[in-house]
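There are 2 protein chains.
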Amino acid sequence: MNNSKKYSLEVRVWIEESDGPFLGIGKIWLLENIQKTGSITNAAKEMKMAYRQAWQLVEEMNQRAESPLVEKLLGGKGGGGAKLTKAGEKAITVFYEIEKRIKDFALKETQNLKF
Amino acid sequence: MNNSKKYSLEVRVWIEESDGPFLGIGKIWLLENIQKTGSITNAAKEMKMAYRQAWQLVEEMNQRAESPLVEKLLGGKGGGGAKLTKAGEKAITVFYEIEKRIKDFALKETQNLKF
DNA sequence: TATCAGTATTCATTTTAAAACATACTGAAA
DNA sequence: TTTCAGTATGTTTTAAAATGAATACTGATA
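So the protein lines, in turn, are chains A and B.
If you're matching positions, the first sequence starts at 1 in full-length UniProt numbering and goes up one per residue.
If you're matching positions, the second sequence starts at 1 in full-length UniProt numbering and goes up one per residue.
Careful, some of the hints might be misleading.
To give an idea of the interface, some chain B residues facing chain A are shown, with a C-beta separation under 8 Å as derived from the structure [unchecked claim]:
id	residue
1	K5
2	E10
3	R12
4	G76
Label pairs and their calculated CB-CB ranges [unchecked claim]:
id	chain 1	residue 1	chain 2	residue 2	range
5	A	P68	B	K36	42 to 52 Å
6	A	K103	B	K77	43 to 53 Å
7	B	K77	A	Y96	50 to 60 Å
8	A	E97	B	L73	45 to 55 Å
9	B	E89	A	K36	40 to 50 Å
10	A	K36	B	P21	26 to 36 Å
11	B	S67	A	K72	54 to 64 Å
What the hints contain is simulated information worked out from the structure, not anything from laboratory work.
Remember, predicted model here, so these are calculated numbers, not experimental data.
A virtual CB, placed ideally from N, CA and C, is assigned to each residue, including glycine.
Using the sequences and the hints given, assemble the complete structure.
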């Protein structure tokens with residue numbers, strides 16, 4: 001008879017670029033919230049993160065991607081805003097596709113862990 | 001013609017237990033160093049980590065595993081030491097097996113990422 | 001041409017985790 | 001019964017990261 005502790009396997013996936021971690025689930029959530037709210041400010045509020053932090057993440061993503069993932073609009077009606085580029089939308093779907101395939105595999109591979 | 005930025009997929013794997021993350025590559029390295037050096041003190045030095053921290057990780061592992069992964073020896077010749085239990089040795093091999101299977105799969109699945 | 005909300009940027013403050021320090025405790029062996 | 005190196009544990013420093021506050025900038029539109 002065995003102890004009944006439950007263990008499960010967790011997998012984290014991210015895209016690495018020459019200067020280090022480039023795109024993981026955190027930035028993907030940020031992209032999704034920008035898409036949903038139309039601005040970095042509101043996306044940040046949604047996620048309860050500081051605007052400054054969100055802005056820096058967007059800046060970093062845009063500089064390190066082959067082409068910008070977020071288009072920022074300065075001034076004008078409503079002060080401006082931010083929206084995803086085609087590349088930004090693509091990044092979300094590609095990321096989730098890859099993540100899903102790997103997590104499904106991991107789940108299938110690991111049943112009844114014991115430690 | 002396309003930009004030549006290189007992207008790669010990174011995967012991190014760890015074992016989760018009811019109270020959160022239980023065993024990842026960091027603790028595995030610690031186990032390996034304990035195995036190699038025969039004490040927590042020397043394992044910590046090897047890894048340039050504080051003894052206190054290493055000791056706490058061992059404590060946590062032992063309490064949350066079904067049975068202890070590290071056997072600690074108090075006092076005596078040389079002040080004591082630490083060695084892996086059978087369960088500790090098993091944990092290392094099982095962890096690496098799982099990790100390898102998943103990383104191999106991830107590598108195979110993802111070629112030519114673009115962002 | 002004044003307004004307005006969001007972007008852009010700097011600086012001070014808080015939070016956090018990690019490391020460093022200090023000090024008992026343990027027990028085989030000389 | 002003293003020595004000794006490693007375990008055990010609390011306290012203090014340090015360093016890094018996140019947050020918060022403050023301020024200037026932008027430009028369509030009323």
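Results of checking the hints against the structure:
1. K5: holds (5 Å)
2. E10: holds (5 Å)
3. R12: This hint holds: B:R12 lies near chain A, its Cβ roughly 4 Å from the closest one there, short of 8 Å.
4. G76: With Cβ-Cβ at 29 Å, over 8 Å, it is violated.
5. A:P68 with B:K36: 42 to 52 Å: For B:K36 against A:P68, whose Cβ atoms are near 48 Å apart, the range 42 to 52 Å holds.
6. A:K103 with B:K77: 43 to 53 Å: holds (49 Å)
7. B:K77 with A:Y96: 50 to 60 Å: holds (57 Å)
8. A:E97 with B:L73: 45 to 55 Å: holds (50 Å)
9. B:E89 with A:K36: 40 to 50 Å: holds (49 Å)
10. A:K36 with B:P21: 26 to 36 Å: holds (30 Å)
11. B:S67 with A:K72: 54 to 64 Å: holds (55 Å)
In summary, the one numbered hint that this structure violates is 4.
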